[in-house]
Amino acid sequence: MTERPPALPAGPAGTQTAGAQGKSPALTSRHMSDASRARLKKRYAAEARFRFYGVAAITLALAMLVLLIGSIAWRGAGALVETWVSFDVYVDPAVVSADDPANPQTNYRKLVYEGFYQQFTPALSRSDQRVAGSLISSGADRFLRNMVVSDPALIGTTVRLRTPAGDDIDQMRKGRIDRSLPQAERKITDRQLALYDQLVADGDIGLGFNSVLFTSTDSNEPELAGIFGALIGSLMTLGVCLVCAVPVGVAAAIYLEEFAPKNRITDFIEVNINNLAAVPSIVFGLLGLTVFLQFFGLPRSAPLVGGLVLALMTLPTVIIASRAAIKSVPPSIRDAALGLGASRLQAVFHHVLPLAMPGMLTGSIIGMAHALGETAPLLMVGMVAFITSVPSSLTDAATILPVQIYLWADRPERMFIERTSAAIMVLLLFLVVMNSAAILLRKKFERRW
Amino acid sequence: MINLRIPASPAADDTVAAGQNVKFAARDVNVHYGNKHAIRGIDIDILENEVVAFIGPSGCGKSTFLRCLNRMNDTLDGCKVSGDIRLDGEDIYSPSVDVVHLRARVGMVFQKPNPFPKSIYDNVAYGPRIHGLCASQDELDATVERSLRGAGLWNEVKDRLADPGNGLSGGQQQRLCIARAIAVEPEVILMDEPCSALDPIATGLVEQLIDELRRRYTIVIVTHNMQQAARVSQKTAFFHLGDLAEFGETEAIFTNPRDERTQGYITGRYG
Amino acid sequence: MPLSLVLVVIVLLAALGYAMGRSRALAAGGGSARTLNSVPRYYGSYVALWAGLPSLVLLFIWNAADGAIIRGMVIDRIAMATSVTAPAALNLAFANVVNLANGALNSDGADPNLLAAAGYYNHLQDLSGQIAGALVLVLALCGLAYALRRVRPALRARNAVERVVHTLLMLSSLLAILTTVGIVLSLIFESIRFFTHVAPWDFLFGLQWSPQTALRADQVGSSSAFGAVPLFAGTLLIATIAMLVAVPVGLMSAIYLSEYASRRTRAVVKPLLEVLAGIPTVVYGFFAALTVAPFFRSLGQMAGLDVSSESALAAGIVMGIMIVPFVSSLSDDVINAVPQSLRDGSYGMGATRSETIRQVVLPAALPGIVGAFLLAVSRAVGETMIVVMAAGLAANLTFNPLEAVTTVTVQIATLLVGDQEFDSPKTLSVFALGLTLFLVTLCLNVIALRIVQKYREKYD
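Respectively, the protein sequence lines represent chains S, X and W. Just add 1044 to wherever you are in the first sequence, counting from 1, and you've got the numbering used here. Just add 1223 to wherever you are in the second sequence, counting from 1, and you've got the numbering used here. Just add 140 to wherever you are in the third sequence, counting from 1, and you've got the numbering used here.
Simulated from the structure, these hints should not be mistaken for lab results. Warning: the hint list may mix true and false statements.
[Said to hold, decoys possible] Straight-line C-alpha distance at most 20 Å; calculated PhoX-like pairs for lysine-lysine:
hint, chain 1, residue 1, chain 2, residue 2
1, S, K1487, S, K1371
2, S, K1218, S, K1231
3, S, K1371, S, K1306
4, S, K1488, S, K1371
5, W, K410, X, K1341
6, X, K1303, X, K1341
7, X, K1303, X, K1259
8, W, K594, S, K1306
9, S, K1487, W, K410
10, W, K410, X, K1335
11, W, K594, X, K1341
[As the list claims (entries may be wrong)] Simulated DEER-style distance windows between Cβ atoms:
hint, chain 1, residue 1, chain 2, residue 2, range
12, W, A159, S, Q1338, 19 to 25 Å
13, S, F1339, W, A229, 17 to 23 Å
14, S, T1103, X, D1361, 27 to 33 Å
[Unchecked claim] Sample of chain X residues with no beta-carbon within 12 Å of chain W, all distances over it, derived:
hint, residue
15, S1305
16, D1314
17, P1318
18, R1328
19, Q1360
20, N1378
21, T1490
Every residue, glycine too, gets a C-beta built ideally from N, C-alpha and C.
Work the whole structure out from these sequences, hints included.
Structure below.
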């Protein structure tokens, strides 16, 4: 067979049908019968159906993802801007003492409303003044106070104050209240509408970036409520969680993977860890309640306790990820170090750990991302209070972003729904950043042995 | 040279016809795995009711070529097959050919016994069921029995057909896989080192079985065991680094190899 | 002395110990490290450990214990001053004292007895802090001095340090057991207290759940009932709906991704599905309450059905979506573990892809898939935020998915939030519910993990 055999003759075109028509000896095969062919058609239909189910399942899941993110983005986009009202306020030295502008007794409120009423010509009647007052946020005096406290030279001058509008006005400015409805069916009265139109005509009202959302804490007034306090609370809680869970988790993983004898106890520990990873998070909340609050007497609502509870909850995740990372380092590296006279501990800390570090970090970040979004156990340790101050230490009462979302989601005001969605977007943004970091880390250090 | 014309007379079922038909004809077959050129320009003709052995050192492409014959390579990513392979004169790589149908006609037995995680009965009945070969339960029972008898396994398992297939011994599992393959009533059976995971006694049984199966089926067997090739096959093809170095009567190849690579391999200079 | 200051001092002392130990070792070795048993920095670490570790342990124990001791002393004092003896009243009084002492409660017009107790409490706190600070510092210095004296070339500093590190590593791994023990003990103790009020039988099989205890006996609904069956039924209903969504969608996604999808599709779709898993549950809850529930409600109105605005259906479906990635990634692992040779065997006989999947791959993967399913059920049962936000509080004993039901987790979350009197059966019932939840999920997890493990071993 050294020379090439002759090329094959052009085979009968569509030989399959040829076979079925009986021109080929393969007719004898049961697989060439018409019945077999018909059956094959059915089988392919089943195949296509099955495949379609798969595509449908994935499409459904992804559609839900889009719907979820989309609905939240759609609701929350409005919260990026807020309606602001600007007007002149005379900072009366008779009201504000130049020595102590921060005095809590100072009646900034009076100054604000006097200034605001001056805005309108003709001068407002008493009843109209009350109506006008509802156009601006009830927390407007806070803005004036902050201005004056940070710059006492303003006392005795007329300043231009910029303050959020009341929440109904904000919703109308954003077109969420239909002004063509009869008065009884909308939240804004005709009189409010007239004064509002006057402000619009003067150019004193308009949309601007919603800085309040990012700089203030919780409030009963939706236009004054922000996530700053919750964000700081979240960072503190997460900090405690990180400091507790990661070192202990890594240490436990090192022990179990490198030193632990294979006996009943380590088997038990292993079962335990796998199990803890699947225990409902709210049970960890109950644990935190009885152990940290009741037994150790730590303060309620504190980031310290929240962080400890989250640490216990994320610990199994960190251990499992770290063990996988350590396991993926080939034994030859250990052997090499041991062969040079290093102790086991040195071999682990000098050679295995650096190689396993990216995997451990990735696992830790993912664990932390989970902790950041966790809500239920923190409700149990009291991080669900209405807190209007930014926590300044780990034992201060604080709330965290997911809990803030939970609290706001219960509020009936439309503007709170908007803010809840915006807060969710901020939370998701943090999660995206953390998870991307984990993915990048994994990509960068991915190594195959 | 082999007569390429397909005779008009249908092939006999149980007898070895004197003027055998060409079952498989391959011309200039090349296989690429990514950048690797695994098979280079193979030309071969395989006759009906004949056992052909593919031998050669590991990595020579004999298994790859075998998997071309029922398009099992389709399941591998990045594997590209070019050239012309015909089954009964029909190009099996033509777009109009249905792999499912092709594989029903060209069955396969793998290197490692791979019974499905089902009962012995269901393992054998699997093929007839999916292809709808049996109209009734009785017929299916008969097919299962016939196939198990055909694979020489019936007497060993007839009392425990409901037991799981992977509870059998390695040799039994492999014969179960053969029974499973013949239950589909293919025309050709491809065997990829079917005895490499078996002990010598089981191997002997399988070899004996191959010899019997030859009367009904065309068999292509890949083996790294030259004695086995010599024992079971009529023709032998020697593959070397992706080339078909030599193809001919088994006796001739083993007693009087023409290619010096074959000579080297057979005499044990490399392998 | 504030805690943070004590900590800083300990760290400083340890650092000092490190430097001193190291230089002393070098000096003892005549300036060369060769004559030493270990590298100089191990001598440093040795001294640092002696200085830092015992004092840290003491500090920790002191801080853990002093709360209870001070509490006992203050309560004794209150009991003497006010002749109150009921433990509940004393606990309440103590809480007030703490609040007074922290300034959380306005001291104007407070009970002078309590005010005095608050002063006493503050005094004890200060005293405790001072004693702790002093003791800890003395201990740190002693440790430092002792270790420094022991530094000489023959000292096997590395072995000593490594022993300590080894012990620390082991203790870390024991924390997992400790956590489990903590969970079990705390739940059991509080549950036993609950069962002194309510018989276990009534709790497990009672059909009425209305935990609100009335303040006065003549109020409506004054008798509280703790029959948890409506909660179990609600949990079961919502979990069932969730699994009806999650299992088909998750399993089919996994099958498509592992058996059909090209590598590129897989690389895009898989992370996207994982995004679903990364979304916090509170976000799902918000989505369920504000988007899905109103949608079903208006859908029901169109069909003439009365769908509750907090229907089990909405909560269950959203929970199902949350679990989809969980099911799909677990099933994906399991399906990929099925050896290719089985698929080859099936394809080699002329089976189509779907025949191979349905009749060979899935049966082979079944144990693993069952394990994944059980883990998913355990997750659905333990999920809290979605049901808290979307399923409501009404303890209806119903299997109509259009009605509002409540679940075990909802009751745990809502009964404990708010005022906390730790002795009322209402609060204690939470722990009985928690124990039930823990035991059920524990069983599911243990069985599931065992099945999955067995399955992995089979194909490894």
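Results of checking the hints against the structure:
1. S/K1487 <-> S/K1371: It holds: about 18 Å lies between the C-alpha atoms, which stays within 20 Å.
2. S/K1218 <-> S/K1231: Holds, because 14 Å separates the two Cα atoms, which is no more than 20 Å.
3. S/K1371 <-> S/K1306: Since the Cα atoms of S/K1371 and S/K1306 sit roughly 15 Å apart, the hinted pair holds (cutoff 20 Å).
4. S/K1488 <-> S/K1371: holds (19 Å)
5. W/K410 <-> X/K1341: Between W/K410 and X/K1341 the Cα gap is close to 31 Å, so the pair fails against 20 Å, i.e. violated.
6. X/K1303 <-> X/K1341: violated (34 Å)
7. X/K1303 <-> X/K1259: holds (10 Å)
8. W/K594 <-> S/K1306: holds (18 Å)
9. S/K1487 <-> W/K410: OK: S/K1487 and W/K410 at ~16 Å, within 20 Å.
10. W/K410 <-> X/K1335: Violated: W/K410 and X/K1335 sit about 32 Å apart, past 20 Å.
11. W/K594 <-> X/K1341: holds (18 Å)
12. W/A159 <-> S/Q1338: 19 to 25 Å: violated (43 Å)
13. S/F1339 <-> W/A229: 17 to 23 Å: Roughly 21 Å apart at Cβ, these two residues keep to the hinted range, so it holds.
14. S/T1103 <-> X/D1361: 27 to 33 Å: With a Cβ separation near 44 Å, S/T1103 and X/D1361 fall outside 27 to 33 Å, so the hint is violated.
15. S1305: holds (21 Å)
16. D1314: The claim holds: X/D1314 sits with its nearest Cβ about 18 Å from chain W, beyond 12 Å.
17. P1318: holds (17 Å)
18. R1328: Check fails; 8 Å does not lie beyond 12 Å.
19. Q1360: holds (18 Å)
20. N1378: holds (24 Å)
21. T1490: Non-interface label stands for X/T1490: nearest chain W Cβ at 34 Å, farther than 12 Å.
The structure fails hints 5, 6, 10, 12, 14 and 18 (numbered hints given earlier, in ascending order).
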